[in-house]
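K.L.:
Chains as they are written, first to last, in the UniProt record's numbering: chain A, 1 to 361; chain B, 1 to 361.
Hints in this document: simulated from the structure, not taken from any laboratory.
Model, not experiment: these values are computed from the prediction.
If a hint is listed, it holds; no wrong ones were tucked in.
Repeated chains share a single entry, so a pair holds when one copy, or any two copies, can fit it.
Simulated pairs of lysine to any residue, SDA-like, Cα-Cα distance not exceeding 20 Å:
hint, residue 1, residue 2
1, LYS276, ASP238
2, LYS246, SER118
3, LYS208, ARG190
4, LYS350, ASP78
5, LYS276, GLN256
6, LYS246, PHE196
7, LYS276, VAL243
8, LYS208, ASN194
Each chain is listed here by its residues.
Protein chains: 2
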Amino acid sequence: MKIKTEIITFSEELILESGENLDSFKLIVETYGELNASKTNAILLCHAFSGNHHAAGKNDESVTGWWDQIVGPKKAIDTEKYYVVCCNNIGGCSGSTGPLEINPASNKPYGKDFPQVSVVDWVKTQKMLMDKLKIPYWHLVTGGSLGGMQALEWSIAYPKSIKKAGIFAAAASSSTQNIALNEVARESIRKDQNFFDGNYYEHGVSPKSGLKTARMLGHITYLSEELMDMRFGRRFQDEESKVDQKVNFEVENYLQYKGEKFSESFDANSYILMTKAMDSYVAGKDQGLNNVMKNVEAQLLIIGFYSDWLYPPERGKEIQLAAMDNDVNSSYVVLEGDHGHDSFLFDSKKYSKIIKKFIES
Amino acid sequence: MKIKTEIITFSEELILESGENLDSFKLIVETYGELNASKTNAILLCHAFSGNHHAAGKNDESVTGWWDQIVGPKKAIDTEKYYVVCCNNIGGCSGSTGPLEINPASNKPYGKDFPQVSVVDWVKTQKMLMDKLKIPYWHLVTGGSLGGMQALEWSIAYPKSIKKAGIFAAAASSSTQNIALNEVARESIRKDQNFFDGNYYEHGVSPKSGLKTARMLGHITYLSEELMDMRFGRRFQDEESKVDQKVNFEVENYLQYKGEKFSESFDANSYILMTKAMDSYVAGKDQGLNNVMKNVEAQLLIIGFYSDWLYPPERGKEIQLAAMDNDVNSSYVVLEGDHGHDSFLFDSKKYSKIIKKFIES
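Required output: the full structure, derived from the provided sequences and hints.
P.N.:
Right under this line is the structure:
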């Protein structure tokens with residue numbers, strides 16, 4: 001599979017939904033496969049909260065992309081047929097303009113001064129990317145979780161620029177409980193002594209403890225209760241493989257390990273920005289989903305997973321009902337999914353078949 | 001209602017389930033109503049994780065007891081008819097021997113050296129209290145959540161000393177997800193810069209930030225998703241009443257407020273001990289619930305609440321099935337409950353009627 005990673009700079013001013021602006025910005029973009037001569041085979045992947053531009057294959061550090069089970073040669077999203085594009089969202093921490101990057105105005109990292117970004121902003125920058133790549137429209141825009149919100153927003157904001165939208169394990173807005181869980185995660189980051197109100201770069205540190213706790217909580221929400229029970233039950237962790245002597249159970253060890261690993265690579269300001277963007281998104285805003293759905297021209301595929309308690313299937317159904325009310329061509333499928341909310345990341349016979357059929361229909 | 005609060009000292013050695021021991025210990029005990037001449041009207045209330053001995057009425061600081069909706073004159077647990085006893089569990093932080101109290105051996109607070117306590121230990125100390133009070137048996141032992149686990153353990157450990165057990169919003173053991181959530185809470189406490197590996201008393205501080213985050217997470221698990229949605233939805237917090245400018249939504253403000261308040265009064269070492277006790281409890285241990293249920297002589301009332309996702313009704317059903325397998329006189333009821341896991345704390349017509357009937361049957 002041909003993987004290409006590049007940084008694309010946009011020197012025009014970007015006015016954000018918040019009213020703030022960026023004088024210029026850059027996106028780190030990864031592409032798979034080849035754009036055909038008629039430029040009709042482009043697919044945009046939108047990443048979830050902690051994802052990035054590296055969606056498939058292995059990168060230079062031998063890291064496998066977040067959607068590698070779905071995206072690749074002969075896979076559900078077939079890179080032999082489609083030109084697949086994925087970019088790190090602005091505000092992220094993987095190479096696109098975000099808190100870690102240098103603010104040209106100050107020659108220092110943006111840090112906590114990076115403006116609040118939103119799902120609407122991300123879709124706007126992705127549209128600018130589409131134009132820059134001279135792609136007339138996306139054959140498909142898709143993603144899971146926060147990525148699914150972007151796919152939905154694409155169908156609303158740029159109805160002429162998207163043929164299909166795949167909205168997986170997502171919702172038209174976050175629930176009260178979603179917001180509450182994100183606030184606990186943010187609180188643990190803010191109260192880390194190394195956070196320095198977001199100015200930790202200047203101190204040469206990172207609020208790793210806070211990030212770790214936040215991610216441990218995240219992992220509980222990504223897995224279902226049943227899956228956790230199956231995988232770990234009440235088994236005790238072997239003495240030799242304990243990450244910490246304070247740990248008793250395997251599940252504690254797993255969360256400790258996963259949290260620690262995440263805290264070494266993710267940026268705390270990005271964590272806060274990204275979760276705030278997720279919390280504040282409301283498809284259709286004051287107009288309401290039903291009203292903006294009128295304008296949607298794309299065909300929608302909405303997939304929920306029974307084991308997902310973060311964005312349970314009922315949240316997908318709300319989108320489907322709004323689509324049906326407005327005669328939008330839309331399908332809504334609920335799959336078992338063995339991985340809770342994370343099910344959207346994993347291949348299964350049914351899931352891949354449904355995606356494939358949808359792309360080719 | 002006659003409320004009496006006293007501290008009772010036990011000068012005999014207490015050997016704990018862990019193998020560690022306390023040379024002596026004290027319990028802070030609150031009682032309501034009067035013991036009758038035949039001593040047949042005593043009821044023991046077992047508190048949940050963050051509760052204490054103050055179960056009903058108002059104390060000297062005008063604080064209402066945690067089960068005041070259920071316990072009092074003419075209430076479901078009628079203090080005009082019954083002599084109701086509640087004590088703070090050892091390891092707690094409300095006046096019974098725990099990390100905050102002075103270790104007679106060192107003349108300093110036990111702090112992090114307080115031994116790990118368990119549900120079995122609590123029930124053992126409550127049996128010692130029963131003997132000291134010269135009560136021949138409890139007419140009823142009851143509580144919700146971790147309190148329900150103690151009621152269940154009473155029926156197993158001291159079958160001759162208890163006529164009835166009321167086990168509400170509880171389980172025979174914690175689930176993997178329960179353990180995982182508690183571990184996130186503990187992690188946030190341990191990583192607070194003021195925790196000092198549990199030796200914070202010596203530094204004259206308390207790991208309040210960690211406790212706050214832990215409690216914020218706790219509150220999400222005590223409320224149901226639906227309840228949260230009904231109470232807060234996606235409403236924004238008024239500017240004037242924001243506890244912090246970082247807050248956008250009402251639900252964030254609520255959690256911030258509740259977490260902050262809790263962090264001012266609860267002890268971090270107790271938090272860790274109590275949650276570890278909850279995580280490690282398994283009714284019947286290696287023998288299994290079904291095997292130890294054989295010995296139960298008490299009549300059981302098991303109540304679950306549909307809106308409880310922390311200890312959902314199915315967990316109560318497991319106890320009921322083991323009871324039925326062993327011809328134990330047991331009833332299992334699932335109620336709506338408008339308050340998620342916390343539903344056991346709140347009066348409702350049905351709930352109170354069921355408890356009353358059970359006590360008087």
